[in-house]
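A.B. asks: Single-letter residue listing:
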Amino acid sequence: MTTESEKNAKAYWSATLGLLTKILIIWFLVSYGAGILFVDMLNGIKLGGYPLGFWFAQQGSIYVFIVLIFYYAHAMGKLDRKFGVQED
Amino acid sequence: MDLQTTTYLFVGASFALYLGIAYWARAGSVSEFYVAGGGVHPITNGMATAADWMSAASFISMAGLISNMGYGGAVFLMGWTGGYVLLAMLLAPYLRKFGKFTVPQFIGDRFYSKTASTVAVVCLLTASTTYIIGQMTGVGVAFSRFLNVSSDTGIYIGQAIVFFYAVFGGMKGITYTQVAQYIVLIFAYIIPAIFISLNLTGSFLPQLGLGSDLVGTDTSLLVKLDQVVTDLGFSQYTTTSAGSMLNMFFYTVSLMIGTAGLPHVIVRFFTVPKVADARASAGWALVFIALLYTTAPAVGAMAKLNLHSTVNTAVMKGGDLYATESSIKNDDRPDWMKRWEKTGLLKWEDKNADGRIQYYNEATKNEAAKAKAGAAGWKGNELTVNADIIVLANPEIALLPNWVIALVAAGGIAAALSTAAGLLMAISSAVSHDLVKNVFNPNISEKGELLAGKIAMAVAIVLAGWLGLNPPGFAAGTVALAFGIAASSIFPAIMMGIFSRTMSDKGAIAGMIAGLLTTLFYVFAHKGLFFIKGTDFVDMVGGVNGWFGITPEAIGTLGAIVNFAVAFLVNKLTAPAPKHIQELVESIRVPKGAGAATGH
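Just so you know, the protein sequences line up as chains A and B, in that order.
Read in this note's numbering, the first sequence has 53 at position 53, and its numbers run on one by one without any break.
Read in this note's numbering, the second sequence has 146 at position 58, and its numbers run on one by one without any break.
Calculated directly from the structure, the hints in this document are not laboratory data.
Heads up, none of these hints are tricks.
The calculated lysine-lysine pairs, modelled on DSS-like cross-linking and capped at a C-alpha distance of 27 Å, are:
no., chain 1, residue 1, chain 2, residue 2
1, B, 202, B, 660
2, A, 82, A, 22
3, A, 82, B, 362
4, B, 667, A, 7
5, B, 458, B, 439
6, B, 535, B, 202
7, A, 10, A, 78
8, B, 680, A, 78
9, A, 7, A, 78
10, B, 417, B, 405
11, B, 362, A, 22
12, A, 78, B, 362
13, B, 667, A, 10
14, B, 467, B, 405
15, B, 405, B, 458
16, B, 362, B, 680
17, B, 621, B, 430
18, A, 22, A, 78
19, B, 426, B, 467
20, A, 82, A, 10
21, B, 435, B, 417
22, B, 460, B, 417
23, A, 82, B, 680
24, A, 22, B, 680
25, B, 453, B, 439
26, B, 467, B, 417
27, B, 417, B, 439
28, B, 417, B, 458
29, B, 660, A, 10
30, A, 7, B, 362
31, A, 10, B, 680
32, B, 680, A, 7
33, B, 362, A, 10
Cβ-Cβ distance ranges computed for the label pairs, FRET-style:
no., chain 1, residue 1, chain 2, residue 2, range
34, A, 24, B, 628, 31 to 39 Å
35, B, 459, A, 75, 56 to 64 Å
36, B, 429, A, 75, 49 to 57 Å
37, B, 129, A, 8, 25 to 33 Å
38, B, 413, A, 26, 47 to 55 Å
39, A, 24, B, 429, 42 to 50 Å
40, A, 26, B, 663, 36 to 44 Å
Here a beta-carbon is modelled for each residue, glycine too, at the ideal position from N, C-alpha and C.
Please model the entire structure based on the sequences and the hints provided.
C.D. replies: Okay, structure coming up:
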């Protein structure tokens, strides 16, 4: 392995970890945050007939999870091409 | 056509379909038997993963538990979906790049140790067998209702069918069969939910119906439900949590990381052609799973309201819930109750001999409710409904047409069969490939390997069926225990294998053993040694939920923490992974150069 490609692999990996961290923060906030930690507070707000905290716990978090995975797949594809490590 | 005939027709037709597909796509070589030649499209794979994933626990049991638990049921909803985010980002693409068939193979190669791979096999077998016990409980419920027999007989019949089913095909048969099963089960789940949502709220989508007003009123469904259950002495639906906040946290974490550690799910991501597809596959799987998971809370809440309004006429009409004529007369109870009485899963007893059925919380701490019940001459709750029957009984409770009820029976059986089959494949490959071939007898023939796998399946089915007769809990609860086991043993090992370049064989092995033992010790303390009734030793952990009020279903999180801690400690004290392993780890981190999955 040449130093150039080693450097590239390192940069790719740290970009990957940066993306993971960003997504995991949102992942945590919508489930453990809105659905558990702050549920009582959010229940004071109503979303139609749903108390908001209850909605996040039983509905909203799931929708966000889906968006997160597709965003991740898309963003990783971009990273792959940027660093030239995509599959042929 | 009467209900019984319609049910036979639906279940029979769905079976014919699965067997037809399994026959058409039956596996030839060992490689096809396990991973379908590595050539499955992400959407197809997502659908099959969803069927594999959504078991009797999701289909039959979960909404019933949500119905019982209220808000706290969210641990299942978030736990069993949020894990896919972890799976997609932390594991799937890297394991796909690694390019092997099974999880023990990855652990064995990454930690350059047959011992590590053998420990992984033990963890995997423990988790999968526990999981199948939960499936058997669910299968028992489905077959008992469908064939009008006791739930024990239902389990025997289910065992026989699962056995023939799983041994017949391999993964390839299973991939396409599971697509068919997904379609059957999702229709079976959503159609009755739509009917019920329309009836109660006029809203077509159950997801919106749950947040809407009841038809002809300006009271929202959840407000009404909260009011009815609190009046009857139960705790408030929308705010009751599953134990302490810490327990909710641990429970959810355990299910999430367990998702990412369960071999039958992970193996799905070996079957897509490319690393990029492995990422997208998890997303598609979650889309298909979310269809059911976002419907389930509506099913749970609406079934609860319908059940209360069936036995207490004042629920919908308004008026005094405790008035004598509000409770239905024994003889007026609907046919569906009579049908479920035969399975032994629904029971009633006229404790105050007034010829009526009173359904309330007799152990309530709500003084007002207690006083009203006393004044009305109620002598205790008279109706017990097993949580596992709620989904199957749901269309009957709502008085939906026979074909809907029949469809739900077919869906429940599809859910149980598809997951049992996927798990049995994982067990079979772990035993035949990772244990017999790699450790005991490297020269075994392909035929011998397949045979060893089939024997392993048979043993697992018999064992799980036997333990399923006295299950450690409701189907979804038992499955949650299996997730805890996977969470505490396999997930941390895979994570450290990918995200730490230097983690050594000894670190990983010590971690897996420590995590597994911690979890099993606590679970067995509550549920009995190897889930055998009467062998529990709960005093040794300081009484029920003795560790910080954590339930045994949630302890997997603590097990995982122990796993990571022990692994890093041991790793500090021993030699790090050798250079070629560190290079291997670096190579799986980039997608470039991923070939097809191989056995060696």
